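Position chains U and H relative to chain V; hints supplied.
Residue numbers (the UniProt record's numbering), protein chains in the order written: chain V, 1 to 95; chain U, 1 to 416; chain H, 1 to 977.
Keep in mind the hints are simulated off the structure, nothing from the lab.
Please note: incorrect hints may appear among the correct ones.
Calculated pairs, PhoX-like style, for lysine-lysine (alpha carbon to alpha carbon, straight line, at most 25 Å) [stated by the list, open to error]:
{"#": "1", "chain 1": "U", "residue 1": "Lys266", "chain 2": "H", "residue 2": "Lys138"}
{"#": "2", "chain 1": "H", "residue 1": "Lys508", "chain 2": "U", "residue 2": "Lys97"}
{"#": "3", "chain 1": "U", "residue 1": "Lys7", "chain 2": "H", "residue 2": "Lys508"}
{"#": "4", "chain 1": "H", "residue 1": "Lys754", "chain 2": "U", "residue 2": "Lys407"}
{"#": "5", "chain 1": "H", "residue 1": "Lys508", "chain 2": "U", "residue 2": "Lys17"}
{"#": "6", "chain 1": "H", "residue 1": "Lys138", "chain 2": "U", "residue 2": "Lys7"}
These numbers were taken from a predicted model, which means no experiment stands behind them.
Okay, here's what each chain looks like letter by letter:
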Amino acid sequence: MIINHPLLGPRDAAEFVYLGDAALIDRPDWQAEDAAEAFHAYGYLRDNPAGAHQELWYHEQGDRSWLVVTRDTVSHEITAVELARDVARARGRSR
Amino acid sequence: MRYSALKILREGLTGNKGWTPAWRDPEPKPEYDIVIIGGGGHGLATAYYLAKEFGLRNIAVLEKGWIGSGNVGRNTTIIRSNYLLPGNEPFYEMSLKLWEGLEQDFNYNAMVSQRSILNLIHSDAQRDAFVRRANAMFLAGADAELADADQLRAELPFLDFDNARFPIKGGLYQRRGGTVRHDAVAWGYARGADARGVDIIQNCEVTGFDIQEGRCRGVETTRGAIRARKVGVCVAGSSGRVMALAGMRLPIESHVLQAFVTEGLKPILPGVITFGAGHFYVSQSDKGGLVFGGDIDGYNSYAQRGNLPVVEDVAEGGMAIMPMIGRARLLRSWGGIMDMSMDGSPFIDRTDIDGLYFNGGWCYGGFKATPASGLCYAHLLAKDAPHPVATEMRLDRFARGHLIDEKGMGNQPNLH
Amino acid sequence: MSQIHRIKGGLIDRSTEISFTFNGKAMRGHPGDTLASALLANGQRLVGRSFKYHRPRGIFTAGSEEPNALVELRKGAAQEPNTRTTVAELFDGLSARSQNHRGSLEFDLMAVTDLLSPFLSAGFYYKTFMWPRAFWEKLYEPAIRASAGLGRLSMEEDPDTYDKGYLHCDLLVIGAGPAGLMAARTAARAGARVIVADEDFVLGGRLNAETLEVDGAAGADWAAGVVAELAAMANVRLMPRSTVYGAYDHGVYGVLERCTDHLASSGGKPRQVLWRVYSRHAVLAAGATERPIAFGNNDRPGVMLAGAVRAYANRWGVAPGRRVAVFTNSDDGWRTAADLAAKGVEVPAVIDTRDAPAVCDVPGARHMRGAAVMDTKGRKGLRQITLTDGQMIDVDCLAVSGGWNPNVHLTCHQRGRPAWRDDLAAFVPGHDLPPGMVVAGAANGAMTLAAALREGRVVAERLGYADKSDLPRAEDEPRDCAPVWHVPQSRARAWLDLQNDVTVKDVKQAHQEGFRAVEHLKRYTTLGMATDQGKTANIPALAIMADCTGRTIPETGTTIFRPPYTPVPIGALAGRARGREFRPYRLTPSHRWAEANGATFVEVGNWLRAQWFAREGEQGWRDSVDREVLMTRGSVGICDVTTLGKIDIQGRDAGEFLNRVYCNGFATLAVGRVRYGLMLREDGIAYDDGTTARLGEHHYVMTTTTANAVTVFRRLEFARQCLWPDLDVHLISTTDGWAQFAVAGPNARNLLRKVVDESHDLSNEAFPFMACGEVTVCDGMPARLFRISFSGELAYEVAVPARYGNAMMGVLMEAGREFDAVPYGTEALGVMRIEKGHAAGNELNGQTTAHNLGMGRMVSRKKDCIGNVLSQRPEMLREDAVKLVGFRPVDRATGLIAGSHFIGQGDAATMENDQGWMSSVAYSPSLGHSIGLGFLKRGDARMGEILRAVSPVHGREMEVEVVSAHFIDPDGERLRG
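Isolated chain V, as found in the complex (with noise of 0.2 Å):
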């Protein structure tokens, strides 16, 4: 496979590590009344879809940046590759 990637172009597949959902972002409230539960979805519970999927690779043997790839998980067609960092922002993420 070949990811697009945001800053570096196309690159193989093969210089990245993948981690899973890219809801791995969303980490809950440790505070939260519900952090047990929120954390146990968070940590275990995935949607594992047949179709798109937003999902984390991190660009290892290269500059380091965990990119979000959207990707078909039947056809494993790509169509969107941003910075994690920049979703996670949009996503409320700050410190």
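Chains U and H in isolation, oriented as in the chain V frame:
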């Protein structure tokens, strides 16, 4: 029809005209006591044991394609019970014992061949871990044997002992491990279940569940609605897709695992060999092909195919331990979709929906589990209580913090 | 003159004769021959034995689809089993042997299985060999295995080397026949970067095997002209002998180039190169494969595909027989008759299943309309055929044409499904092609030469490449084909899969037994599972199954083709990553010093580390290790610890960041101080430990374990970029940047005082335990000094830029000479950490919690940190959880066994009674007996208890006493001293 040497002789002399279908091709009935979704090894075994061990008759197995089209027909055929943890080892040892009597039990030669499985050891730390595991196997009534490098050199002189990047320092044998003709497992269970009245319905895809007031009352299929007292989902590889129809999220990701076979060769490998410092395991089939595999591709996928980096990585592992296979040619590669669970171990459990049961999360270890999975799932479906060797295979174990993590890789499915 | 079947013409070099042997028999051929064409030229019709029934078989095709004529090529370690004679290029000195027979090829004892065939029909082995149970493995299976398989491996290491490479192009053209060459030329003239790959050693495809003309010239000459034009263009790479074996995601193709297989020796060059081709687009122009018609005894040596027969005649100047009849259901078979007759080969009959006029004039041939062959004679070589009307014709070769199947294989590699075309009676590429792929020519169902040329141009134009020149002129040769798959009048067995011996009857039996899905059919009968992957067998078998079920072929199904297109050697897939080059070695900075000073090395991941340093007179590793431990604890020892991961962490929020990634607090760490940190995974399991030093207000240096150096860094980047993107913190791995040495023992300070520049105060007051700082050594060289201790002694770690590492080791040892300083390796390191009760990889194995490790109280509940919440799940905090404690044998002379399990006195050794396990053991030279660390249920509350440590795999057990894990200096006085 009972299969026997005599039957073959008689048929051979009369033009092989008397063979009858191995299983019927029935129309689905409007209602069953139990509907099993998934005509793979586990689903067919479940139906077989429900009928044989628990005396149930009104059972259907629904298969969206042809039976055995999933992972039972696309694995590397290895059986073993060399597990470490109490949540796993007794279960897999029971499975191995079931394998040992399976063919006589269902009157089908699945070519269960206890050719041994060997895990190579390349470091002291690895030996410590294997000793711990071997002893756990003994505690569960299984067999295990440690071999040192000299013994292996005598037994397997073709391994690379003198020029290896990761020298072979020994190995852990399980002599009772080995291989089974994978397709025949599905066919044997199907034939045995069918003979006991189970309806095996192919080309029947489940498109939805009939869930009312927290209770599952049946399924919608491409061949109409089917009511059922209990519905057992048994579709490892497609668990995410099917359980989504019931509105459930699972502690599972779907990943592709590739497997490979070479052209037929005269016998060279006595048993199953796994490389402890790379990603490679291999055995030789009765037809002569080297059957081998390695790691999963590592990204979520429902495509039954993989990519080149893993193909090459696996071949590198092979050449690293047995450089005499360089001129053997890879004939076919294929991919299967694995239910990779969050701790690498499976589930045989009720769900929060009454009447809906779940069997899945087998990662890439489901084939060897087929008999025990079928028996334990049948036990759960028939008695609404887990079989004693499957008590830890529950969906709520992550919430409770009771993990069955053999490799210690944590909640990252692609590392298991 | 051994080449008794040579006729005129062909693309071979008749000026040179080369010699080869087949089963030891000397034969001759010419450059340009394949082994198959040379064998035919020498009159060798019997070439091999089939898999199951050991039927005598000959050459069936002229290409990579060959099911029959497989040999063991070459000798010794280079022996190559299952090599298709039809693609093996002849070279001088070639040696080939037939396979799969006991006794000689001519008199194969295993042929007795053929007589038993009524009892060996499809799937027979699933129905028997079950009684008595033990006999399967003891008797039946060994017998089956012994007769299974085809060729033999030499069992010696592959003597050749293989290489890998990466290529990039705008257009990959797969197949250099008329369509492929046209597509390539069109795109290349438009300036595209083009790669043309073809499995053959002569480009041109069927043009080289036919007598068709292009632009008034012989087709082969036209092809040679185009190839010459392409070869001269800088933007084109021509790759003959290169098989595109797989279509992978995003335009990546796998290509195997055979570089030296056509030479007597590889001459030290790579035998084959595995290319990964990255393409914008690909044109699949892989042509078509002819298929047979099934009839009685259609497997005799001498029964061949018609297209192959004419290829041998036209391209290689070989007549596969002296009297060659043609049996066809299509116009195409007539070309074979016409071409042979034109070359003076006797063609007694053209038997056409269609009741239609002759397609062309074939001198001397009778035209049998609406007729078919139903049987043959000639066990080791065809002698006679019998037609359905009972007529018998003496022939020594029968050319069979059952129509052509487009080579759609690569279109299926991403699960695309081919589509059926009634007019061709064949599957053509479906709509779901791999992205970027287009198909042209016969592969796309464009079966005539003119159509193939046209399509090659059209697909290139569709991809945006224009060429205004006229299309080459060629004819649309007649290609009518009637769908005839099987001659039903046949009484003898009619073969479908020639290699695996699957007959029409087997397919019918599979149907009878309910194995009707295509995949069931294949798996039950083994159809298409042989080395040719059913290239000639699958479609006819499918047609017969369709006939049985009363459905159409497309309704019955199709088979999905998977990579590789043709088999690929494992050696080529592995490339250079084998032997010691399997993975790279990482060497520590002091590696050369260690080598020169008697070190024995051990693999630690990819690192090679000194395990111990043997001295003269020592009897074994234990002597060396014991000495290193005692001398370190007695005076001072030095160990290269560079392999530990080092991460430089800077930024205004660096402290806050650390506070979140370690489970224990880091907010209060002062500048110039070091703290031990325990890192959890988000699931609450203990993950990694190490120390982090605060060098400045916003500057920290973290160390990780060697094993987790890469993944800790990855996780920190995840936390930094994905979880807290606005924290001001920056990370860089400096593992390779700094050489780091542990200097441990009572004389550590005295030694370092000689190395660290005098301006730095090393006194215990100025630089106490857990102090750190930037210093200079050896007169001004920048270094870092940390007062940390893994050994439990007064100890420091000193870091210098990596390039000074080797010299630094020498400096430290020189400075330590007066203290009898010793270098120590990983074994002594391990012994000392067990003596101190420190957890390492065996304890931090990804399954244990801080609670298990006795560090539960380190997990701060006052702050957020990775793993904090999930570490508090109820079953992870069980009161009866295992705890890390120390063990010693009750009989001090006994050696403990790592991996043994703890069982209570008087309890049976079962899983129910399992109370934990011994994780690490060592002989402690300091204490004079074996010691161990292990996890025991409620272990911390059981000091002094006696248990059994059982190791049934060793057949041993021993009594052990539960003790504190801190075997040495439990109060830590030494390290603070």
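Those earlier numbered hints the structure runs against, lowest number first = Violated: hints 2 and 4.
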